[in-house]
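Put together the whole structure using the sequences plus the hints.
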Amino acid sequence: MAPLLQLEGVSRTFGNVVALRDVDMHIGAAEAVGLIGDNGAGKSTLVKILSGVHPPTAGTIRLDGEPVSFGSPLDARRSGIEMIYQDLALCDDLDVTANVFLGREPKRRLVGPLRVLDRERMRDETLRMLAELGLSIGPDRVVGALSGGERQMVAVARALQFQPRLLLMDEPTAALSAEKIRVLMGLVEGLKQRGVAILLISHRFTDILHVCDRIVVVRQGSVVGELQPHAQPPEHTMALMAELMTGDRVVSA
Amino acid sequence: MSSLEPGIPTTTLPVTTRVRGMLRRERLGVDPGLLATLVILFVGLTILSPYFLTSTNLLNIGKAVAIVGVVAVGETIVIISGGFDLSVGSVMAAAGMLSAWLLGAGVPLPLAFASSIALGIGIGLVNGAVISYGRINPLITTLATLAIVRGIGYVLSGGREVVITDEGWLELGTGTFLGIPYLILLLVSAFAVFGWAMPRTSFGRYAYAIGSNARASRLAGVAVSRWRLAFYVTCGGLAAVAGLMFVARTGNAQPSAALGYELDVITAVILGGTSLAGGRGTLAGTLVALLVIGIINNGLTLVGVPSYWQQVVKGAILLAAVLYDELRRHGRDEA
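Residue numbers (my numbering), protein chains in the order written: chain A, 1 to 253; chain L, 1001 to 1335.
These are calculated hints, taken from the structure and not from any lab test.
Simulated restraints, written as ranges between beta carbons of each label pair:
1. Gly247(A) x Ile1148(L): 57 to 65 Å
2. Arg115(A) x Ile1180(L): 28 to 36 Å
3. Glu8(A) x Ile1148(L): 52 to 60 Å
4. Ser72(A) x Ser1256(L): 45 to 53 Å
5. Lys107(A) x Ser1307(L): 45 to 53 Å
6. Gly40(A) x Ala1118(L): 51 to 59 Å
7. His1330(L) x His203(A): 29 to 37 Å
8. Gly247(A) x Leu1319(L): 57 to 65 Å
9. Ala231(A) x His1330(L): 52 to 60 Å
Not close to chain A: a few residues of chain L, all C-beta gaps over 10 Å, as computed:
10. Ile1047
11. Ser1115
12. Leu1156
13. Leu1318
In this text, a Cβ means the ideal position worked out from N, Cα and C, and glycines have one as well.
Written as structure tokens, this is what we have:
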């Protein structure tokens, strides 16, 4: 059976700069994959290709074995790929419900062709989604007044509302305390059990070591290695990752 | 409005908490301070001048703010969406000139009016297209169209004013329906239609979303450029309607009409609590601000302050409104 998502020889150049070179990788259904690399290694470019922001300059993306091309984030979303940006991309002046449904508000017919936002339905579904995630955030609260962790959860709720098959999370731990990171990691486990595949992008590999089934390391635009984090003791995995990320042999103490 | 907080029985709350809850800006859509100002002005002038609280005077205030008000509806929407439109005064004049010129050429009034509104929409399209697709700053863009459109008004008329003799057009300025002037009815309709639409339609929702975070809106799949176009078109169309109202009231179409009107319009919008940074504001706030400004101007006249002072007061109100907006934003960031 074909993996959920497969990249074959994907490259991306910006003018003379080669951001990604001949990348092959795959993500299986309900698999949590970590994407690790230093700043500028090509993580962001790869994510932008997967989320439809940039098209690749060469190579093929396959979804369930079928080649796909994303002209916009909307195309990627329609294919079941949802992205949570590092800055969360929320509208701070809007309430939680409006953010969760932004861009695909359900409407109901009022008279003739006049359709209005179905505010009640949006609020109900947001309440349900928040409860499902075990969150106690009021659906009418303005997002700008929430804490960093709560905002992250709103972004997750928003992504899940689209019922994605693959969730891309860009540096999800960047703005969170150690305790909130544990909450997030529990959430990732829950998502996997629901059958959602997750690609976690980070440059702090300690954060994602424990939840990933597989870790892909990129350096200077190329995939330089892959690790099974549970195949060896954690310290060993960390040393291997650091080695792959920097290209230097790391002497472990 | 018996239970404001779902799940919390209001009867258990002390009355003060309940009143404060009702007066919360988010619920009312109007700053309580502004609302209090309106009440104080109203009561104060009622005491100061025996003429203030008469139906003639109140209708005069309504007519005086009606024209600015119709434009302010469009401007509020544009500013909520993170934009700005300085060209509204020029659009008003050009719309008036065009209808006057078409009437002179024998075109029937409804067709002339439709053409004027189409002109306003067209200018809105140009503003919106340059700003969203050309990615030019809205202040610069609409400052340029302000000059261009004002110039077109002069070109259309050869610089001369046109005295309007058409009964229908003049009737718009003087006539009433059930005792209420048409001008006020137009003002009320504009606020009613868009005040209804802003919280209930995609049009309104996306104005707030785009003004709050345009990038996030784009990533969420909102057609940001197309919606921006729609907001400027709305503003242009409403400015054209206001231009026709302006001519109806003055009885002649002048290329120099509504000069500096953008200042009055923007003062009302900002005083009404719409954030210059976008994403926040309500039409209810703009309406209350319009009434405050209208009553201040009326009061200055009633108590015999020379009309030149009105200009000074107008500028001072704008400055105070902008300072207040800044303070409010600061307070919120620190909260």
